[in-house]
Structures are given as C-alpha cells and as structure tokens.
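Could you build the full structure based on these sequences and the hints that come with them?
Everything in the sequence shown is counted per the UniProt record's numbering, starting at 1 for the first residue and increasing by one.
Wrong hints could be hidden among the right ones.
What the hints assert, rightly or not - Dumping the calculated SDA-like pairs for lysine to any residue here, alpha-carbon to alpha-carbon at most 25 angstroms: (1) K152 / R191; (2) K125 / A99; (3) K125 / F153; (4) K125 / E53; (5) K125 / R144; (6) K125 / Q84; (7) K152 / T106; (8) K152 / R135; (9) K125 / G151; (10) K152 / E93; (11) K125 / G83; (12) K152 / D95; (13) K125 / I94; (14) K125 / T86; (15) K152 / R165; (16) K125 / P89; (17) K125 / R98; (18) K152 / G141; (19) K125 / S192; (20) K125 / V161; (21) K125 / P139; (22) K152 / P172; (23) K125 / A49; (24) K152 / P91; (25) K125 / V112; (26) K152 / A183.
What the hints assert, rightly or not - Now the in silico label distances, taken between C-beta atoms and shown as ranges: (27) V112 / V14: 18 to 26 angstroms; (28) S249 / L108: 42 to 50 angstroms; (29) A253 / E123: 34 to 42 angstroms; (30) S116 / A155: 31 to 39 angstroms; (31) D252 / S116: 39 to 47 angstroms; (32) T106 / P24: 38 to 46 angstroms; (33) V14 / P89: 26 to 34 angstroms; (34) G141 / A82: 40 to 48 angstroms.
Honestly, the hints are just simulated from the structure, not real lab data.
We put the CB at the ideal spot given by N, CA and C, even for glycine.
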Amino acid sequence: MIGLDFDGTLAPIVPDPADARVAPEAAAALARLGALVRAVVIVTGRPAATAVEYGQVAGGPGLADVPGLVVLGQYGLERWEAGQVTSPPPPPEIDRVRAEVPALVTSLGFAVTDGSVPGVTIEDKGRAVAVHTRRAPDPEGTLRALREPLGKFAAAAGLTVEPGRLVLELRPAGMDKGHALGAFLAERAARSVLFAGDDLGDLAAFEAVRLSGLPGVTVCSASAEVTELARRADVVVEGPAGVAALLTSLADAIPPPAAR
Numbered sequence: 001m002i003g004l005d006f007d008g009t010l011a012p013i014v015p016d017p018a019d020a021r022v023a024p025e026a027a028a029a030l031a032r033l034g035a036l037v038r039a040v041v042i043v044t045g046r047p048a049a050t051a052v053e054y055g056q057v058a059g060g061p062g063l064a065d066v067p068g069l070v071v072l073g074q075y076g077l078e079r080w081e082a083g084q085v086t087s088p089p090p091p092p093e094i095d096r097v098r099a100e101v102p103a104l105v106t107s108l109g110f111a112v113t114d115g116s117v118p119g120v121t122i123e124d125k126g127r128a129v130a131v132h133t134r135r136a137p138d139p140e141g142t143l144r145a146l147r148e149p150l151g152k153f154a155a156a157a158g159l160t161v162e163p164g165r166l167v168l169e170l171r172p173a174g175m176d177k178g179h180a181l182g183a184f185l186a187e188r189a190a191r192s193v194l195f196a197g198d199d200l201g202d203l204a205a206f207e208a209v210r211l212s213g214l215p216g217v218t219v220c221s222a223s224a225e226v227t228e229l230a231r232r233a234d235v236v237v238e239g240p241a242g243v244a245a246l247l248t249s250l251a252d253a254i255p256p257p258a259a260r
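See below:
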C-alpha cells in the first residue's frame, strides 16, 4: 500500500495555498501504481475534495483518475472515494475560531491579509482554520509570536494546534495522520506500506508505519524549513520532484498482476 501527504509531497509549497497543484509526473505515476498495489491513500490536512480538485492535471491523468484512490482529508475526518465525500458535521468550536482568530492576530500587531499584500493569511478549511505566516514580512518571527497565543486560544476552545511549514492549524483534537493511516492499513489488510510526507504532522504517520508491524518504508520529501522528518525517514528525496521520481521508479519496477 502507498500512502502520501499532499502539500510539500505531491504538490510544491506555494505562498498561497489555493495555488497548490499536484506535480503532473506524480499524478501520472500514481495512476499507474493504483493498478499495481493494493491501495493508494492520500492523508492530508486539506479538505478531501480540495486535494482531488488540486490534483487535476491538464492533458494527463489526475488524482481522480488513480484507480481505487482514497483521500483522507482533515487528518482523517473526511473521506473521498469514488467521487463521494463522507464526513461528520463540522465541530461547533470552529465557528468561534472563524469569528475570533482574525481579531486575535490583529490584536498582537500583525496585519491579516487576503494575500494581495504582505501579512498573515487565514485559511478556512471547513473543519479547521489555518493561520499562515509565509507572506508576513518576517515569517519565522511571526510564527513564533503567534504560537503561544493561538495555542492558548485553541485550548480554551477545546481544539488543538498543528504546527507546520510556516502555518499553525487549529483543529479538533483526537485525530491525526497516524490514527487515519493506521485505521486504513487495518481496513485494507495491508501487507506492506510506504508513506511519504514532508512536515511535522507526518511524524504521526511515520509512527503508524512503525507500529503496524508491516514491512514499511518512510519517505521524507526534504525541505530546508523542516529537517526533523529527514532524521526519522528511511529514504530522503528532494521535495515533490523527488517524490514523483520515486513513484515513477516504483511503477516501473512493480510487475503487472498478470506477470506475477
């Protein structure tokens, strides 16, 4: 079974999250692999349908064309499969986050922007709210300054904060990529697993690979922003282009079912 993160793994990190698109080479490789392995699953913090939409490729296969693909969005709270999305209703606490986080960020001296000018951008994910500092004048400093206040706000609202590459995501507690991947491995009676990711949230998925007891490989889509994942990975590749090359090599190496 093959599992993957989306942003930074299949799609390059970009200043505006709405501009992220899967690398065409990765989508083409996954379209081949879907017919060769037991399952292909994408585990992402994005809404599941958004990941599929951003996986469309002009003139070639996109994520929706990957045979049997499952997308576990919002860290596993949503599931896209065969064109349908299933999920529980959004937690009511998210309404408070939407209403109050912009004012909290502003009160700390940071401009909230739609991305057209420098500042902090806030992404509504439906079941989570992400606070991005990539477009702030001092991205790292802004992230450090926001971490504690947002953490306290999330705790008071009964939520958790997921740190990432110049982003702090406020979301419901109790679900992470490790839980989502582990449950999927059991559901599909996986016999082996490869998981590729790029950010701190993917460490839980790496741990799920280890705890599964299956033959497993963890892959880091390396970046200068996050180095801890590379230390924990079995294989390190250079960003989404390296992931696409690895997936292509796997598709080339695995014989078709008729030849096994």
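key: 25 angstroms Cα cutoff - pair K125, V112   = Holds, at roughly 17 angstroms.
task = Just tell me: holds or violated, for the beta carbon distance of D252 and S116 against 39 to 47 angstroms?
result = holds, 43 angstroms
task = Below or equal to 25 angstroms on CA atoms is what counts here, so check K152 against R135.
result = Status holds; Cα separation ~23 angstroms.
message = For K125 and G151, compute the direct alpha-carbon distance and say whether it is at most 25 angstroms.
response = With Cα atoms ~18 angstroms apart, K125 and G151 stay inside 25 angstroms; holds.
query = Is K125 close enough to P139, meaning Cα to Cα at most 25 angstroms?
reply = holds, 21 angstroms
inquiry  = What's the verdict on K125 and S192, does the C-alpha distance respect the 25 angstroms limit or exceed it?
reply    = Violated - the C-alpha atoms of S192 and K125 are around 32 angstroms apart, more than 25 angstroms.
request  = Given the hint that K125 pairs with R144, test it: the Cα-Cα distance must not exceed 25 angstroms.
outcome  = holds, 22 angstroms
query = Honestly, do S116 and A155 meet the 31 to 39 angstroms range at C-beta?
reply = holds, 32 angstroms
task = Would you mind confirming whether the straight-line C-alpha gap from K125 to Q84 stays at or under 25 angstroms?
result = holds, 18 angstroms
inquiry  = Given the hinted pair K125 and R98, is their Cα-Cα distance within 25 angstroms?
reply    = Within the cut-off at roughly 10 angstroms; holds.
task = Below or equal to 25 angstroms on CA atoms is what counts here, so check K152 against T106.
result = holds, 16 angstroms
message = Holds or violated: the 38 to 46 angstroms window for the beta-carbon distance between T106 and P24?
response = Holds: the Cβ-Cβ distance is about 39 angstroms, inside 38 to 46 angstroms.
Consistency note: the structure conflicts with the earlier hints numbered 1, 19, 26.
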